[in-house]
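Please model the entire structure based on the sequences and the hints provided.
Chains as they are written, first to last, in the working numbering: chain G, 77 to 266; chain F, 7 to 280.
Because the hints were derived from the structure by calculation, they are not lab data.
Derived BS3-like pairs: lysine-lysine, alpha-carbon spacing no greater than 27 Å straight-line: (1) G/Lys138 x F/Lys80; (2) G/Lys138 x G/Lys167; (3) G/Lys159 x F/Lys258; (4) G/Lys159 x G/Lys138; (5) G/Lys159 x F/Lys80.
Model, not experiment: these values are computed from the prediction.
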Amino acid sequence: MDRPTPDSDHELMLSVREGDLDALGELFERHHGHLFGYLVRMTGERSSAEDIVQTVFQRMLKYRHTYRDEGSFTAWMYHLSRKCAADLRRKSASLPADGDPEVLSRQPDDTPGADERAAASDDRALLRTALDRLDPADREVLLLSRIRELSFAEVAEVLECSAGAARVRAHRALGELRDHFFKLQKEAPP
Amino acid sequence: MNCARTREHLLELIDGRLATETAAEVRKHLGECQACRNEFETLSRTLHALDSLPEVGPSGQLRANVMASIEAEKRALRAGKWQPAPRLPRPIRLPWRIGLQALAACVLLAFGYLAGSHRVSTQAGPANDATALQLADLKSRMDSMGQLVGYTLLQQQKGSANDRLEGVLTSATLQRPVGNVIDDLVSTLVLDPSANCRLNAVEALYAHADSEVVRTAIRVSLPREQSPLVQLAMIDFLAAVRDRDAAPAFQKLSTNALADPSVRVAAGRALTQL
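In structure tokens:
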């Protein structure tokens, strides 16, 4: 590859916008793993997460002309993933999207294996169950806040709220998670 | 720093993302407040457990699919073709009566234009500027009406909404002037009776988001659109392209009690984005 590698994601995406489509391959390599991991935790389903990641990058390709000079690429990518999740859910379930966090989430109480996980008395399993029990909007803001590449200002950009609101919501969500987690630990058989 | 302010910063403190000065203030408070210290310790344990969840990777098929999409787009670029959206709308079929009315209007406009042209050309001396401007406007309207009639009559031959979608998908892949593609998509957006077709028209118009005509068409259509889904797509579009001229429309929608609640919320949110 003779093409020099631009320094930042933003520069790469600008190159994509100008027609250098190989740059999108580089962006995919940099980000698809984190995005996939986030979506698996958010949806609880690998296949849905893969579908959403694929759609996100295909939309970046298709709508590359709309990428703007300002803002953060990562925030834009997670924002797109929200939209894609909403669209996929709407198309597959033929249900109106009430809100992106709702769309992203599965229904925790109906999740196959949730009880088994709790009964396993394993901290990871308990934490997954606790995560499932969070309100989808709380789960979303908490998981977004765990992405190292996203500052609270960028989390706020993804969620379309203020940075202060994102920080407060993330803290509240973490508190909720802790309460569920500790409660499950107490209830778990020794 | 009080308890509320301290707790607001705990997440960032745990992550080491807090500015040095603020971190020092938070730590100072933690040293003095047992309740906040407990909060910090339990949140830290929870976060540690959350971050320790094993990472899972996607299948190799994901990479293959995305790279295949990129290669397909590159081939299309090399061939000088515009790669279409996955689903693109086809212009609509209108009832024959509407087509006939449009045709009649076109004939009348044509008659007016020809008569006016004749009058100007027979005048002595330089043509009257105001008349020439009126004629230019009339000709422009006649051209538009002619497009509508042609479009309408064309649609008489088309079938279902699916046929229309397929039709535009096909036509958009051909090497057609961009203006023609935009005309078709905007016509679909404004006139198609199928919400699905209109929705796909909005999606397809992203490829032409730089066009003022496209942005204006979506902006003007937004208040008239009946389907909340299409309205949401239009709001997303205008917000994505940061169309500041859409602010009044967003403002009205966000306070319109008759609008769908999701549309009101989206319009209000879009307003803050502009």
